[in-house]
Structures are given as C-alpha cells and as structure tokens.
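*Asks:* Chain B: place on chain A using the hints.
Number of protein chains: 2
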Amino acid sequence: MMGHSECLPNWLEKRSELSPERIALEFKDQRYSFLDMHNHARNWASAFYSEGIRRGDTVGLLAASHADTVFILHALFYLGVKVVLLNSRLTQNELRFQLDDSEASFLISEQIYKDQVNFLSNHGITAFIKEDFLDKNCGEAPILHEFVLEETATIMYTSGTTGKPKGVLQTFGNHWWSAVGSVLNLGLHEKDTWLCTVPVFHISGLSILMRSVIYGIRVILHDSFNEKLVNDDIRNKGVTIISVVTAMLNRMISNLGDQKYPRTFRCMLLGGGPAPRSLLEDCKLKHIPVFQTYGMTETSSQIVTLSPEYSMEKLGSAGKPLLPSELYIELDGKKAPAYQAGEIVVKGPNVTKGYFNRAEETHKALRDGWFYTGDIGYLDDEGFLFVMDRRSDLIISGGENIYPAEIEGVLSRHPHVFEAGAAGFSDSKWGQVPYAFVVLTQENAVSEEELKEFCKQYLASYKTPKRIIFVKELPRNGSNKLLRRELHTLLEEEQ
Amino acid sequence: MMGHSECLPNWLEKRSELSPERIALEFKDQRYSFLDMHNHARNWASAFYSEGIRRGDTVGLLAASHADTVFILHALFYLGVKVVLLNSRLTQNELRFQLDDSEASFLISEQIYKDQVNFLSNHGITAFIKEDFLDKNCGEAPILHEFVLEETATIMYTSGTTGKPKGVLQTFGNHWWSAVGSVLNLGLHEKDTWLCTVPVFHISGLSILMRSVIYGIRVILHDSFNEKLVNDDIRNKGVTIISVVTAMLNRMISNLGDQKYPRTFRCMLLGGGPAPRSLLEDCKLKHIPVFQTYGMTETSSQIVTLSPEYSMEKLGSAGKPLLPSELYIELDGKKAPAYQAGEIVVKGPNVTKGYFNRAEETHKALRDGWFYTGDIGYLDDEGFLFVMDRRSDLIISGGENIYPAEIEGVLSRHPHVFEAGAAGFSDSKWGQVPYAFVVLTQENAVSEEELKEFCKQYLASYKTPKRIIFVKELPRNGSNKLLRRELHTLLEEEQ
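Note that the protein sequences, when read in sequence, are chains A and B.
Its first residue numbered 1, the first sequence is counted upward by one per residue in the working numbering.
Its first residue numbered 1, the second sequence is counted upward by one per residue in the working numbering.
Worth flagging that the hints you see were computed from the coordinates, not collected in a lab.
Being a predicted model, the structure only gives us computed values, none of them experimental.
Accuracy of the hints is not assured; some may be wrong.
Said to hold, decoys possible - With a straight-line cut-off of 20 Å between C-alpha atoms, the simulated SDA-like cross-links for lysine to any residue are:
no.: 1; chain 1: B; residue 1: K191; chain 2: A; residue 2: Y310
no.: 2; chain 1: A; residue 1: K314; chain 2: B; residue 2: E190
no.: 3; chain 1: B; residue 1: K472; chain 2: B; residue 2: E448
no.: 4; chain 1: A; residue 1: K335; chain 2: A; residue 2: I376
no.: 5; chain 1: A; residue 1: K191; chain 2: B; residue 2: T264
Chain A on its own, in the form it takes in the complex (with noise of 0.2 Å):
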C-alpha cells in the first residue's frame, strides 16, 4: 500500500464528506460550510475546465485574500493544476517573469488587478477575470478524488541569496505533514477556529487554509492587517489561534491596551523572524500564549516551534524541531556544538524536494535530503533554536521578505549605477525598511529621486529602497564578496 505513489482522498471533498455542516470559512460575515465550500470549489472547477484548464498545467493566481480565493485554490487542486500563488504587490514585470519562469499556462486572477491582466495579456498568457465567469454555465469537470502526496501542489517564489527568484515546489505531501507537525505540537480541539489576516499568497496564509480542511477547522479571513478588527475577532467570535508577525504583534497588543484576550485564545503563533525580547515579556504579563515559531517557503511553513510548557521559560527561542521533522547547526562543515553559531539544517516530509527548473540551486539547497536555510542560528545545550539571523542578509518588512540581491540587480541595470548595495534598517512602524548605498559611474549623474523612480518601475514598492545613499566604493571582503553588514557603518560615516 505505501511505497509507490502513495496518495490520500481529496482533503475538501473528504472533508466535505465527513463534516459537511461545520463552518469552514468566514468572510466579511458571510460563513460557508465544509459542503458549501466543496460546491463552490466544484463550480470553480467546471468553470476553469470549460475553459481548457487540465490536469499537470501551471496556473498562476493573483488574486487578493477573498472567500472566491480560497475556493478558486481549492478548484485548481480538485483538476491537479500547480497554483503559482502571486503576491499581489509584484510590479507588472515580476508578476510576468514569475509566471514565464514557471510555465504557467493560463493566469486566474479579478478585476481590481484589471491592469496587471491587461499587460500580462499583452503579453501572451492566457488570462482569465474571475468576475467574467459569473452566470456562466458550465458543464461538471471531472475532479480528483485523491491527491499524490508526491505530486506539486504550489509554486511559490523567493529570492533567495543571489540572483532571480526562484520557484519552490511544493507537494501535497509537503503541506500534509506540514498540518500534521502542527497538529502534533499545538493540538487540536474541537471548536478550533484559526484567524487569516496574512496574504493566502504566502505559505503564513496557504497553510492556515490547509490545516483548516486537514483539521476541518474554521477560518475567519481577513482581506488585510487591522489590529483593531483582528482585536475585535479574538474578542468575539471565538478565534482561538492566530498566525502573526511581530509588527503586527506590537500593533496587536498597542490597540489592546489594557483589554484582555479571552481565555479561549490559546495561540498567538509568531514567526518571521526573531522578536524582540520586549515584546516578548510585554505578552507575558499580558497572558497572552505566544508560540514563537521558525519556518519558511521551502518548509512549506512551520518547521520549530517552541511546545507550550516551555513558552516562557525559553523566551526568545524559536523551540524544537516539530515531531516529524530534524535539525542541526552545520559549522565548518560539520556539526556545531551548544551555543556555537551556524547554518541551520533542516530535514522532514514538509521540505520542499527543490526550485522548478533550478538543477543547481537545487543541488545545492538540498544535500542527502537536507536543506540548507542560509539562516544563522544555535541550539543551547537543551536542543532549543535561537534564530540570530534570517539568510544574514534577509530584509524582512512588514513581515515580507525583501532579498537585497533583488533591489541590487534593478539598481546595477541603471547606466549610471556603478555598483549597488542593499540592507534593512530599523523601523518604529515596520520592523525593517530597505536602505540602498550606489557607487555611480560618475557624480551627481542621476538623483536620489530618479533612482527611486526606476526601482519603482521593476520592485513592488515594500521593495523599494527607502532611502538611497551615495557612496565612493562598497565594503568588500578578499574575494570582492559585498559585505551588506557593514552597510551600517557607512550610513553612519555618511552622517
């Protein structure tokens, strides 16, 4: 029975089946069952089919954190289409490499992206409004009743250190055990309901909808970040988990003020990077559950999180690695000892199997079935992750990722960009913003406005440089590596 191709039921039309009548989704006050959720899907589904979608295409998605969306996803996987899941504020061109990079065939997406679909039109990929399917009426698509667990389910990109965006692939499998690690750690109680405020185009949101029809848990889904709603939510509607980072915790927790959270709230569950310890002390006075947590694109979400009884006594820890998956800290090439800092190394079905197209990246990623992060980080001498550094030169705004490489590739394609430089800076309101520092070909050549200018044209605008610095030469070390670190001390030789 295992080995081969193993394979589960559809999880919505099985969920559907075993609990029909429980809420899966809110939105806006609208609440759609499991079987409710299973129809639109299905509707979706005829609709993309008559239409031409088949089984093994790509489809890309850009499509903002709506109901529809969440039965638009669900339809792709019901014909075994592979969703690339865009985020929704790419430029126009990165919007179009995305979808070339990965073979996507058609592109789904709605009209308040109307103009994004027109230039992607123009550009040869078949492109569909959701809005224009309305009224249509479609004969029933044949949909798939079980999923290969080793098969893709999602693409999303990331930037990693250098160079393009890449494709990670995600299986079935991988956000299966991805729900299931989860589950094992945090539980899972009956009238669960686990509350969406970060974009469903990030693996944060995608495996919030996941879990919700593994579990067969409600969702309430919010189209943005509000602290003052989500307060509201956790207050009234009985949400008892709630995916954050940690701007949006400080948000939280300033509209809180001297308000309480119900005792039903049992998961503040943050990730994105490291909290401040401030932070973290605040939520603890407060009684507020926090389970910090360390994941990413290529771990198809969560990999350590820290178990409940150890949430206060290791403040600051990112925890264990989750029960099916591993861990170490490689130095030198080999296993780092307690509290010696190091590349983490993760294993577990929910890592990615490597980028669409990427032989080399891949190969190099992924090594006798482990995955190198490029995070930094070290175990204390009772196993717990402390996360030092995001792929030491991660930008992380807002809870976005911001790869320096990126915003440095648009700034050398200026003619008069000489060389550039990125890194983040602290931010009161966003955690981090992305400072540039440009060596041009020859002064004054261009201005800090213009330059801003042209960012804008191929960076979505969280991408763009806040601030842009001018500088003689950039610090490097012996074999010409860009050392983004000391971009610090420049600015402040600047000043």
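*Replies:* Only chain B this time, still in chain A's reference frame:
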C-alpha cells in the same frame, strides 16, 4: 525528499527531546516521563543487543501488560527489530506455530510465562526471561534515530475465516498513519490521557502505546480489565479517552450505577463489533460520549469512526472512514448502492501491506490497493457505515442471510438480558438456524419462551432464535470480543 524511503525521527527518542518531563506512562501508581521511558528503552535495547539481537531480526514478545513490556517494545523498535506480539492466552503449540511461521530468531518473555518459555526453548527457540537481565551490565547499543515508514514494525496473527493464523505485517507507516487519522477525528488536548485496559498484544492496545509517543500524551495502563478500577481512574485520574468493547462498556455502566463521569472525560472509543442500540441509548442518557468505531489488525486499529457531531444522530453506525482512508461496499463485484449490504472494502496508508509469507492470501485480500475485509455492512444515503457482521459469522438459513448482531441487539433490549450471543447451527431442513446464548441479570428472571416471544416482536420469524440457552458467561477473546464460533462448544457443554 519524499519518495524512495521516507523516514521519520525515532518517535519515542524525539518525544523525549520535545517533552522530556511530560508523563508518558502510569502503571500501578508508578509514573514514567518520556525521558524515563526513553532511558528504560535504551537500557533494554543495550541488554538485548549484548545477547546478539540485531537490526532486521524478528523477535517474539510474550508479556503481560506491564510497564516493562512498554519499554521492551520500544527497545525492540530502537534496535530495528520486527516484533511478533504473542497472545498470552495461546497454547504452547499455538505459540510455537507463530514463532516458527514468522521466522522469529528470539523470544522475550517474563517469569510468569516460564512454562511456555521452557516448552519453546526445548523446541529450538532462543528465549530470554526479562527478570534474568536485572543488574546485568551491558555496553550501549547503537539505536535507530530514524524509522523507515515502509519497514515492518510489528507482526500480529489473525485467523481470518479459515485455516491457520496468518501474520499481519504492520509497518511503522501503518502505525503512524493510524495515529494521525485518529487525531484528525478525535482532536488532541494538552492534558489528554488514554486509559489502556485492552491487551497490548492486540492492535487495540498497541495502537494506544503508539499514539502516546506520537501525540506526547499520558497512558494509564492496567494489566487487565476491572470495571471498578476503570471507573475509579476515569473519575479520579483525569482520564480523557478509553478504548472499550461492548462487554467492557456493559460492565462499566452497570458498575457506575447512578454516578457520573467527569466532563473532562471526552471519548469512550467503542470498537470490536456492533454495539446494541440499548447500550448506546443508555450511554446517551448518562451523557457518556461514545464514539463507535470499526477496525481490525489489518488496518492497525480504527479505520472508521463516528465523528463527534453525529455520535447521537447516527446511533449504531460506525461512522465514516477517517480522513486518510476510503471505503466502499462491494456486492457481486460492483459498488453497492446505499442500504445494500455487501463486503466492506477499505483503503488507506494505515492498511497492512500483507500477510507474512502468504503471497496467495495477500493477493486475495489486497487488490489494486484495496483491502477486502470479509466483513459485511452497508452505507446509508449519507455515507455512514453500519457494520452488520463478520462474514464468518453470517448465518444462512433457507437462503436468507441472518446477521447474529441483529439478534443480539434485540435480545439486549430486554430488561433482564445482561448480554447475548447468537450463532448458526446445522439444521436438516433449513441448512442453518440461529440459536442464542443469553446471560441474565439474575437467574430465572425470564423464561426461554418469554424471550422468544420478545424476539418475535422485532425479528422476522426465520431470524428468531430456534433455541435460547442460558449461560453464566459468553466466550470472549483477550480483547473481550465475542467469539461466536465458540458458542458451539457452550451448547455441547450445556447438554
């Protein structure tokens, strides 16, 4: 990552790292944390290793439900040994057959089974008595840090409908998926405690031990079933879940009298065959949360369980197949429509890969990934399974099918019937006719004729027992399952 040979961290070792201080096991008021359990398992592994037991060996285990037995089981997994779980009620010749048939190289047992061990030693089996290892000083054995899901962990013998017992292969993956399927239905609370009073050499008991290390929950182990002690523990020790069969539940309810279980007791998992409606209705009145379930050695315990929200509405149903599993009813080589009885056919990653060294029987039972249970049942129009009978127990009388469970269900409704068993007996006219065996609540409370009249109110006359024989107790196996075929012996004794 997925694919070739998927593996997971050694469960107990991993659990001892994740939650070392949590209580794993309580036995006769001794408590063992997960770290204690890991240390005990390591020590036993070292002892066995020093005696020459190696990865790949097959080892018989003949032991009662003691704490040591749990440690020894894990020790054998640590060594990568296949464990043959031996029923302690077997005769010496039956034990010898199972050890020979499974090609076991070693037997591990304890002092209380000295006679069996001597007999088996005299027949060429290398046997150890656990008490002989005390105070022995051994080096440290190399233990498995990962379990390969496809590898066989345990072998359990079942007789099936005909012929010699067959060794059911249960892989690490089977046990893992069984635990995962269960948790996605029953949920998982931080303080869950599973009371185990069923033998650990049966899948009902073994699966509790597996869940304990996979979920990180406490097991309270009893060496035998005693309704008073069980009720005491449920009422005083924070038990949240217990696995029972009908006969056990009957005795528990009778012993409970007017008292109640605490509200934290959340699951009475009732397996081992169809339960009489009267008992389920009794439980409903007492607010006891009964989850009927259906499973077998070949499915590594539960495969079908009634979801919480239907436990009352679908009284008498075993529920729907757990999330990772599938099921249909086959009749005359085709899928049967709703309400048509036929053979129950199942599929899922918890299903055995076959019988050891029995290519033909494996081939017959497993076709295209589907396992033919030999059991009879039907699905209602909402897909709920109603198990009617084990095929072997089917009574065929004048061409009509009679399911013993139906007769037993009717008899159990009578206020003076404590429990009942029915079976087919040869008849020159009809081929077979049904007889019933009844244990009364008190002697002479009701006559045979009165009971027959009672039955006729609910059963077609061909289903009404031709004889009703009053007995002191019904024949049951180690897990308290009614042995209908042994009812024939009762008749001979009675005469």
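*Asks:* Work down the list of hints and note, for each, if the structure agrees.
*Replies:* Going through the hints against the structure:
1. Restraint check: the Cα-Cα separation between B/K191 and A/Y310 comes to about 16 Å, which is no more than 20 Å; the hinted pair holds.
2. For the hint linking A/K314 to B/E190, the alpha-carbon distance of about 19 Å falls within 20 Å, and the restraint holds.
3. About 15 Å separates the Cα atoms of B/K472 and B/E448, which keeps this hinted pair within 20 Å; it holds.
4. Under the criterion of a C-alpha separation no larger than 20 Å, the hint pairing A/K335 with A/I376 is consistent with the structure, at around 13 Å.
5. Restraint check for A/K191 and B/T264: satisfied, since their Cα atoms lie roughly 15 Å apart, inside the 20 Å limit.
In this structure, none of the earlier numbered hints is contradicted; all agree with it.
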